[in-house]
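Starting from the known structure of chain A, fit chain B onto it as the hints suggest.
Going down the list, the sequences are from chains A and B. All residue numbers for the first sequence refer to our numbering, where the first residue is 1 and numbers rise by one. All residue numbers for the second sequence refer to our numbering, where the first residue is 1 and numbers rise by one.
Bear in mind the hints are in silico, worked out from the structure with no lab data behind them. Check the hints yourself; a few may be wrong.
[To be verified] Each pair of labels, with its calculated beta carbon distance range: (1) B:Glu82 to A:Tyr30: 44 to 52 Å; (2) B:Arg67 to A:Glu16: 32 to 40 Å; (3) B:Thr80 to A:Thr113: 36 to 44 Å; (4) B:Thr7 to A:Ser3: 46 to 54 Å; (5) A:Gln45 to B:Thr38: 17 to 25 Å; (6) A:Ala17 to B:Lys13: 37 to 45 Å.
Ideal Cβ placement from N, Cα and C applies to all residues, glycine included.
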Amino acid sequence: GDSVTQMEGPVTLSEEAFLTINCTYTATGYPSLFWYVQYPGEGLQLLLKATKADDKGSNKGFEATYRKETTSFHLEKGSVQVSDSAVYFCALSQKIGGTSYGKLTFGQGTILTVHP
Amino acid sequence: KAGVTQTPRYLIKTRGQQVTLSCSPISGHRSVSWYQQTPGQGLQFLFEYFSETQRNKGNFPGRFSGRQFSNSRSEMNVSTLELGDSALYLCASSLGRGTAGADNIQYFGAGTRLSVL
Numbered sequence: 001g002d003s004v005t006q007m008e009g010p011v012t013l014s015e016e017a018f019l020t021i022n023c024t025y026t027a028t029g030y031p032s033l034f035w036y037v038q039y040p041g042e043g044l045q046l047l048l049k050a051t052k053a054d055d056k057g058s059n060k061g062f063e064a065t066y067r068k069e070t071t072s073f074h075l076e077k078g079s080v081q082v083s084d085s086a087v088y089f090c091a092l093s094q095k096i097g098g099t100s101y102g103k104l105t106f107g108q109g110t111i112l113t114v115h116p
Numbered sequence: 001k002a003g004v005t006q007t008p009r010y011l012i013k014t015r016g017q018q019v020t021l022s023c024s025p026i027s028g029h030r031s032v033s034w035y036q037q038t039p040g041q042g043l044q045f046l047f048e049y050f051s052e053t054q055r056n057k058g059n060f061p062g063r064f065s066g067r068q069f070s071n072s073r074s075e076m077n078v079s080t081l082e083l084g085d086s087a088l089y090l091c092a093s094s095l096g097r098g099t100a101g102a103d104n105i106q107y108f109g110a111g112t113r114l115s116v117l
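This is chain A alone, in the form it adopts within the complex (with noise of 0.2 Å):
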C-alpha cells in the first residue's frame, strides 16, 4: 500500500537557519502531495501542495517540489523563525480512475523547535 516516511526528528534550529525536512513516499500513479503543519492544541493546517511531478508548492515562505524520479517532497525554508515551530506532516492522496477521494496517508511527523 501507499505509504510516506519523513525524517527522523525532532530538529532544532536556530532563528534564521536554514530548514529541510525530507519527505519520500511509496505509491502507485500520480498521488498529489501535502505539507501539513500541527500548531499545540489544534488541527492540522495546510501548508502547500503539489499535485503533479515537478510541481513546486509554496506559501510563507516554505517550498518543497514533486520529484517523481526520487519519489520526494522535502519542505524547505530559506530563514525560520520561532513562530515556524509546530509539527510538520508529509502526506498524498491517491487518485483513482482520475479521481481523488478524502483518504491522506501521513508520515509520522517531525517536530520542529526554534531557538531565538
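For chain B alone, coordinates are given in the frame of chain A:
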C-alpha cells in the same frame, strides 16, 4: 466562513462504554473524513463519507463506525471502548468532487481528545 467544528473537544470515558463524536464541515463541503492520531501510530485514516455514503474505509475494527447526514454533518461512534482507543480524533472536510486541485484539499478541525480509563 466558519471552519470545521468538532464537538466535544474533550471526553473521558471508561472501558466498555461507547462514545459519539460530532463534526460539522465547512459550508458547501460534502466530504468528511475521520482520522485517529496517537503518539505510537501517528495519523491513521478511519473512513470518509460523501453525500451520506461511506466512500472509503481504513483498517480499523468494526467497533468504529460513522455516518453522515443530509446537511453533511458527520458523527463517528466507537463502541466497547478499549484503553488503546485513547487518541485525538480529527475530522476533515473537503468539496470532495474528486478531481486534482482545490477539490481534494482537506481542512481539519481542532479535534476531539478522547481518554479511555
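Taking the hints in turn, this is what the structure says about them:
1. The hinted range of 44 to 52 Å is not satisfied by B:Glu82 and A:Tyr30, whose Cβ atoms lie roughly 38 Å apart.
2. Range check, B:Arg67 to A:Glu16: about 49 Å between beta-carbon atoms, so the 32 to 40 Å window is missed.
3. The given range of 36 to 44 Å is respected by B:Thr80 and A:Thr113, whose C-beta atoms sit roughly 39 Å from each other.
4. A C-beta distance of roughly 32 Å is found between B:Thr7 and A:Ser3, which places it outside the suggested range of 46 to 54 Å.
5. In this structure the supplied range 17 to 25 Å holds for A:Gln45 paired with B:Thr38, their Cβ-Cβ distance being about 20 Å.
6. Taken as a hint, the range 37 to 45 Å holds for the pair A:Ala17 and B:Lys13, whose Cβ atoms sit roughly 43 Å apart.
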